[in-house]
Amino acid sequence: MKQMRMLKILGIFLVVGLWAIPFAVAADPVVIGLQGPITGPWAYEGQMAKQSCEIAAELINAKGGILGGRMVEVRVVDDEGQPRTGALAATKLVGQKDVVAAVSTYGSSVCEPASNIYEKAKKVNIAYGATAVRLTDRGLKYFFRTCGRDDSQGKFFTEVATKKFDAKRIAIMHDNTAFGKGLAEDTQNALKSLIDNGQITVVYFDAITPGERDFRVPLTNLRESNPDLWYFTGYYAEAALLLSQAREIGITIPFVGGNAAINDEFVKIAGIDIAKGAFMTNEPLPADLPFDETREFLDAYKAKFGEIPSSPWPLYAADALKIIAYAIDKTGSTDGDVLAEYLRKEVDGVPGVTGPIGFTDQGDREGVPFYLYVVNDEGQIVVSQ
Amino acid sequence: MNDEIKNRLNTLGGRRFWLSLVLIGFAVYPFLMSDYFIDVAFFFGIYALLGLSLNVVLGEVGLFDLGHAGFYAIGAYTTAILNTTLGIPVLMLLPLSAFTAGFFAYLVCSPIIHLKGDYFLLVTIGMGEIVRLALLNNPFGITGGPNGVFGIDYPSLGFMDIDTSLKFYFFIWIVVGLCILGLMSLQHSRVGRAWNCIREDEIAAEANGIDVRSFKLLAFVIGAALAGVAGNIYASKLMIVSPESFSFMESCMMFSIVLIGGMGSVPGVLIGAAAISLFPEIFRPMAQYRMLFFGAAMILMMIFRPGGIWPRKRGAIQKGQALKGIKKPLLPGELPGA
Numbered sequence: 001m002k003q004m005r006m007l008k009i010l011g012i013f014l015v016v017g018l019w020a021i022p023f024a025v026a027a028d029p030v031v032i033g034l035q036g037p038i039t040g041p042w043a044y045e046g047q048m049a050k051q052s053c054e055i056a057a058e059l060i061n062a063k064g065g066i067l068g069g070r071m072v073e074v075r076v077v078d079d080e081g082q083p084r085t086g087a088l089a090a091t092k093l094v095g096q097k098d099v100v101a102a103v104s105t106y107g108s109s110v111c112e113p114a115s116n117i118y119e120k121a122k123k124v125n126i127a128y129g130a131t132a133v134r135l136t137d138r139g140l141k142y143f144f145r146t147c148g149r150d151d152s153q154g155k156f157f158t159e160v161a162t163k164k165f166d167a168k169r170i171a172i173m174h175d176n177t178a179f180g181k182g183l184a185e186d187t188q189n190a191l192k193s194l195i196d197n198g199q200i201t202v203v204y205f206d207a208i209t210p211g212e213r214d215f216r217v218p219l220t221n222l223r224e225s226n227p228d229l230w231y232f233t234g235y236y237a238e239a240a241l242l243l244s245q246a247r248e249i250g251i252t253i254p255f256v257g258g259n260a261a262i263n264d265e266f267v268k269i270a271g272i273d274i275a276k277g278a279f280m281t282n283e284p285l286p287a288d289l290p291f292d293e294t295r296e297f298l299d300a301y302k303a304k305f306g307e308i309p310s311s312p313w314p315l316y317a318a319d320a321l322k323i324i325a326y327a328i329d330k331t332g333s334t335d336g337d338v339l340a341e342y343l344r345k346e347v348d349g350v351p352g353v354t355g356p357i358g359f360t361d362q363g364d365r366e367g368v369p370f371y372l373y374v375v376n377d378e379g380q381i382v383v384s385q
Numbered sequence: 001m002n003d004e005i006k007n008r009l010n011t012l013g014g015r016r017f018w019l020s021l022v023l024i025g026f027a028v029y030p031f032l033m034s035d036y037f038i039d040v041a042f043f044f045g046i047y048a049l050l051g052l053s054l055n056v057v058l059g060e061v062g063l064f065d066l067g068h069a070g071f072y073a074i075g076a077y078t079t080a081i082l083n084t085t086l087g088i089p090v091l092m093l094l095p096l097s098a099f100t101a102g103f104f105a106y107l108v109c110s111p112i113i114h115l116k117g118d119y120f121l122l123v124t125i126g127m128g129e130i131v132r133l134a135l136l137n138n139p140f141g142i143t144g145g146p147n148g149v150f151g152i153d154y155p156s157l158g159f160m161d162i163d164t165s166l167k168f169y170f171f172i173w174i175v176v177g178l179c180i181l182g183l184m185s186l187q188h189s190r191v192g193r194a195w196n197c198i199r200e201d202e203i204a205a206e207a208n209g210i211d212v213r214s215f216k217l218l219a220f221v222i223g224a225a226l227a228g229v230a231g232n233i234y235a236s237k238l239m240i241v242s243p244e245s246f247s248f249m250e251s252c253m254m255f256s257i258v259l260i261g262g263m264g265s266v267p268g269v270l271i272g273a274a275a276i277s278l279f280p281e282i283f284r285p286m287a288q289y290r291m292l293f294f295g296a297a298m299i300l301m302m303i304f305r306p307g308g309i310w311p312r313k314r315g316a317i318q319k320g321q322a323l324k325g326i327k328k329p330l331l332p333g334e335l336p337g338a
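As you go down the protein sequences, you meet chains G and L in turn.
Mapping of the first sequence onto our numbering: position 146 corresponds to residue 146, and the numbering continues sequentially without gaps.
Mapping of the second sequence onto our numbering: position 281 corresponds to residue 281, and the numbering continues sequentially without gaps.
In short, the hints are calculated from the structure, not lab data.
Some clues are possibly wrong.
[Claimed, not checked] Straight-line alpha carbon distances no greater than 30 Å define the calculated DSSO-like cross-link-like pairs of lysine-lysine that follow:
1) G:Lys141 / G:Lys276
2) G:Lys122 / L:Lys167
3) G:Lys141 / L:Lys167
4) G:Lys120 / L:Lys167
5) G:Lys155 / G:Lys168
In isolation and in its complexed conformation, chain G is listed as follows (with noise of 0.2 Å):
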């Protein structure tokens, strides 16, 4: 009896044993890991970023593959969008041995714990939804991002005054929420630079109260503070009063919104008439990209699942992707080490599928990928010329 109990015992652990040893040995095709939520809230970003990092793997594939005729696999975790699960699902990656580096992941504060456990298991990996600035303020080695930061859309905006309206005395208005505030004081942190050499000066920076009807008081203010531009960070309701209240005493500059205040609902709120010329900063929605790489991707994407990605993120997952395939067949090794040092150093825009690839020292997406929204005379929001 007691034997029998023994055995069964030791049967158990050695069943629990064996499957928790890596079965893949053959290491024909190279294994790329993508961890996201495949499970939980975010579940379609999951399931779109895993799609689009496997028409990715198809495409590289398709032409040969790398390292001279060695495909490219994709071997999917799943975090839950969850920063306990994130780690547990990053563990599991680096824990194979065939894995050699990851794609990984979308929200900030499970993108940290995961990227943790990647750096001291010296692996690759790329945020492609993770867009906190401080995660890559750690000094990590291995840890890279093909999407932006939460502070690039003010870097954007900078970019856009400067270059398109050129613009000399800056008005920037917010709502004093989380989002909004922190939009305006980024966007203010990105001109400094040009505010401390006299081309720019920002003539007025202040909050409206969300909910209210009336803002001609705050926009009194900021018509005598007579600025050329105006950007607005909050959101579309307060953003189609302001802009119409504004017309109505006669602030006829530019108005910018950040990417919460134009959608369908300010045209609808403020009217085409109004809203025409309205300009908004956006992240690249897949469709309104020009690059070739970017139609070719989308192609095979809508051939095999019947409409491109609604969101901009599944695009940087097949970006972190394909760069990484790219570096392991440029450097002809699986190194995390190497891959590192030369993602770095020696990439630089190496043509993706949301646009020119190139990092940055610190390990961020080099450029800013934001486009210049302006609502037309149909009262449709397209991409500025």
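Mind docking chain L on chain G? Use the hints.
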């Protein structure tokens, strides 16, 4: 044969045998497994600790608490904030996290402790959600809003840092072991007997001179403090805390741990924690369908074993005796009312 096993289980020698087998299993396990499975076992330990903490409230006293993630969050955030801003070592914050969570429980629960059953449950749900939403809204700019607090240190013992999966595994299970010892002796103490008495019949308890209010509060404070300890260890393992780790779902998981395992039973809680933390990992390949299996398993459990997988033994034995009409000599540690 079934009886034979039961008898063996019930004798002191048999118990020692099983206990040492389990202990050896725990000690050997991490050396046979990959890091991933060590981490799974670590989170099993976290859930075991959370289950034990809720068991004090739900199992021993019978207070329905579906806001326990709130205390867990307070422990984790206390550690995270004080460690990142003031640089206090994580291990020194362990008792402080326990104290903060316990103190918060005392403050919040003293005015509502007289509520009964469902009403109390509703208030605790609200409390848990308020804590989570408060963290989300970044009060005084200290909780970091939805992104959370990051960059928490590893616990340091002075001569070495607890920084690998293996060390964390032993850390959490030593803490869980100490808690089990403490809670077991509490079960057999005057306090434990008073708690159980309150659970069975509050009026009778009061008539016997038990100060129901303070004993309930005591259970709550101890439960919350243990959850705070779990929060501290969780924060130092992940190096980041963010509100989504302390959602209502997390409270539900703890509740299920106690219900699945058996109310008031320490081994039951361990089994429940194993079920809750291992089940989703085993069924992960099935992605979105795994919650379906989980739900089905819960329903089957409730039909065939409504008292939990391993209910508190004393009750079971007495029930069995009553059914069979036999009287066995009682074993040490199983005296009536012990």
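Would the hint linking G:Lys155 and G:Lys168 be met if the CA-CA limit is 30 Å? With a Cα-Cα distance of about 16 Å, the restraint between G:Lys155 and G:Lys168 holds, given a limit of 30 Å.
Given the hint that G:Lys120 pairs with L:Lys167, test it: the Cα-Cα distance must not exceed 30 Å. Distance of about 15 Å is within 30 Å: holds.
Between G:Lys122 and L:Lys167, is the straight-line Cα distance small enough, at 30 Å or below? holds, 20 Å
Are G:Lys141 and G:Lys276 close enough, with their CA atoms no more than 30 Å apart? Violated, at roughly 46 Å.
Check whether the Cα positions of G:Lys141 and L:Lys167 lie no farther apart than 30 Å. holds, 24 Å
Of the hints listed earlier, the one the structure fails to meet is number 1.
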